[in-house]
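Colleague: Chain residues, written in single-letter form:
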Amino acid sequence: MSSLTKVGQRIPKKDAPLKVTGAAIYIQDMKVPGMLYGKILYSKYAHAKILKIDTGKAEKLAGVRAVLTGADVPNNFKFGFLKDNPPLKTGKVLSARDEIAAVAAISAEIAEEALDLIEVEYEELPGIFDPLDAMKEGAPLIHEEFKSNVLKLPWKLVAGDVEEAKKASAYIAEDSFSTQWVTHCCLGTSGCIAAFDMNNNLTMYSNTQIPSLAQNDYLEALKTFGLKNKRVRIIQCVIGGGFGSKLDTYAYEYIAILLALKTRKPVKIVFSREEEFFATSPRQCTITKISQGCDKDGRLTFREMEMVLDNGAYVSWGATTPSVMMVPISSLYKVQNIKYVAKCVYTNNTYSQAMRGYGNPQATFAIESCLDQLAEKAGIDPLEIRRINANEPGEITPQNFRITSCGMKECIDEVANRLDWKGKRGKHNNRGVGMASLIHVGGAARVYKSDGCGTIIKMDDNGKVDVITGSSEIGQGSETIISQIVAEVLGINIDDINVINNDTDVCPWDVGAHASRTTFVAGNSALGAARKIKAQILEVAAKNLGEDPQSLDIKDGVVFSTKDKEKNIPLSKVLRKVHYSLGGRMLVAENFYDPPNENFDQNFRGNLSVSYAYGAHGVEVEVDKDTGQVKILNYIAAHDVGKAINPMLLEGQIYGGGLQGIGYALGERMIFEKGVLKNGNFLDYKMPTAKDVPPVQAVIVETDEQAGPFGAKGIGEPGLVPTAPAIANAIYDAVGVRIKDLPITPEKVLRALQEKGKIA
Amino acid sequence: MKKAITFTLNNEVIETEVDPKWTLLYLLREVLEMTGTKEGCGYGECGACTVIINGQAVDSCLYPVMEAEGRKITTIEGIMLKSGELDPIQQALVQNGAVQCGFCTPGMVMSAKALLDEKERPTEDDIKDSIAGNLCRCTGYVNIVDAIKSVAGGR
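Here the protein sequences line up with chains A and B, keeping their order.
According to the working numbering, the first sequence is numbered sequentially starting from 1.
According to the working numbering, the second sequence is numbered sequentially starting from 1001.
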């Protein structure tokens, strides 16, 4: 392994030159000949009857080519995880982001003007904006047809016997925690261009994270619209940020399709920043009750959690976040007795979706805050209780996760040493240290029928390589990681590799850029394909060199005999030999890698991921008792990544995730009043800036995961998972107050200090 | 009513007619089709649309197009060296892993460039101040600050 020349190197991102010069083309930059501009009219209210929509004036405006309302959606088409969401609403609106009408016009300005001319009469209805209210008996039903506001998704995990374990526990800590709505804030807003050819085949220019699944969604839509046996092609532009926001298909995309069908012209819809804030689907807020116990030596005896998630008005993949919440709930630290129940509840709020971490941050906030409370009751240092209970290789957890590589203890120790835990803890001098650990899927996650990714590699007769992958580049660097893996196997330079990853007409199937899976799954897929094509190359070269293929290898683009280095032939020549000879052939290899992980069974057991990622974050804070301000003095983020294929890009994931986590912990919050977003802009929504970055160290712990490509595990999401509880724990160490409701604003800190009598 | 204006754009004189209601960003992106300058919010809060006007980093989404008259404007398309090489700040962002999705990057380049043109030896605070108006959701800014530092320290 020590002879690696591409893997493990700090190689700049392949697409960075395009991006630093402004040459990268995002959906915002795309134009298609004859294209129209689509705009959407949203509801005025979060809950109302639509009495009348008059589009007459809008239709008459010069330059308008189509106006659609819910009446124009064929065959009652609905989309979403539970198919409860029509792209344009009829009868009733259930949230303030509900789409009422849409316009296509020859310019964005005219489309905007036309929206103002659409007259809608509403009868406002009382809304339900608190999931606890929505669960009350007799609460008005958001979707009457479902007979309940609680989604019929029975999230329940039981392992061991929690009641018995409670009796046997020496110490028990229990409390309630809550988290807020936060949003992805992708710098590039959502958008698409829908275009039909003369046979009604659809091309979508898109920034989706899930091209193969989106393709399927659109095909289903076309079928419902009466267009059977059509083709859908998805071409991804350069994607201006994902973080889970593009893990589903949305109303605006179906609206663009309907407008394109009606006008027979390509239709582009790109969100304004305002729309990006209120009309995309954020991370849901949660209310959690937790109880954890330990024996007299600090060994965890049980964990019991009840959670209520505000689902909002419609159901997306976001309603499945409890499945990933189960990962820390069942398997963060060794704990045998587990009980978890979660309810996703319809309200008239915006509807929730996936966001980096997929529920894990909400669950880990409660677990890791409560663990410090338990440690205090047991009189054990929070560092020690984490060491005592840390996960280890070879463990099988209550959810049947088979733990392979596990560097949790190393991460905890890195944090403790670098923070000077022993020197700084327990001073109560307004400065304090805190830590929190994490577990996340690190070897993909089988949430769909397949968790696979395909790769095709072809070589041309200049010795250059095209890698055609199903995986999506969303900024995380998959293109570069895949190139490093292929270059390592083939003994060629990164620059001789061209990655094609943005066109479903060309690229193989992939389930999507989610679950921190791309390096692991797409990497393994590319690794397999590279090995296959290498075998073909060596076989051809062996014939030419009169050698046995086993004695050949490739370095710097030259095939050579390991016995006699004089015997060699450049790759380009090998390729020309096969192309230019009678009965010639191509050098192409394909590989589909579907990891050997398991879907959950009906009791939510199964080895969801082939391997698990671990980490620990530690933080030193200073709390200003006059203002309630929390200042981060030092931040350590240690992650077990298996193997860093590219330490520089990997650190970028940790830094970026970490700052998102700090935003989540200390400032970010979507403020809704009666379901209407009140701070949907960058002035009022406090996303961290360069000035909010504390001194931060990213620590890479390598554990060589046997199932991973060159030993690698996933790192996309973990960076923000333990941030909030680490900060909350540090604040407690500093000033003795525990904030249980995110975000930890100065007002909450001051109030808590006052309540505790710590300040006047 | 369109009006004629003349200004210097990336060292070339531009004479064109504009609607006085336009922003400079609109002229750049929609009329001149120079899409390197991005629109992230349209109200001067994200910095993705940053260009350099007479040496100052400016949000072009708020800049009335008529104000461009007689001024010297540099956009992301105008800072590559004549040889086709990247500007040192572009090179540093590439080498330091300071680019992820890249949507904020052109604006980030322009803010950093304005700072480095103005100050020979900017401090870390100067650097953070210079990009405080450029939001990035991907990188956590760490590698971006390091990249700018590396240019400042290397001269």
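Think of the hints as simulated: they come from the structure by calculation, not from any bench.
Certain hints may be false.
Restricting the straight-line Cα-Cα distance to at most 30 angstroms, the calculated cross-link-like pairs of lysine-lysine (DSBU-like) are [what the hints assert, rightly or not]:
(1) B:1128 - A:31
(2) B:1128 - A:625
(3) B:1021 - A:60
(4) A:686 - B:1149
Derived CB-CB ranges, DEER-like [as the list claims (entries may be wrong)]:
(5) A:9 - B:1062: 41 to 47 angstroms
(6) A:683 - B:1064: 50 to 56 angstroms
(7) A:494 - B:1062: 36 to 42 angstroms
(8) B:1083 - A:596: 29 to 35 angstroms
(9) A:144 - B:1067: 51 to 57 angstroms
(10) A:494 - B:1011: 43 to 49 angstroms
(11) B:1083 - A:694: 37 to 43 angstroms
(12) B:1117 - A:289: 38 to 44 angstroms
(13) B:1031 - A:580: 46 to 52 angstroms
(14) B:1083 - A:9: 23 to 29 angstroms
(15) B:1067 - A:674: 36 to 42 angstroms
Glycine is no exception: its CB is placed at the ideal position from the N, C-alpha and C atoms.
Colleague: Sort out which numbered hints this structure fails and list those numbers smallest first.
Modeller: 1, 6, 8, 10, 12
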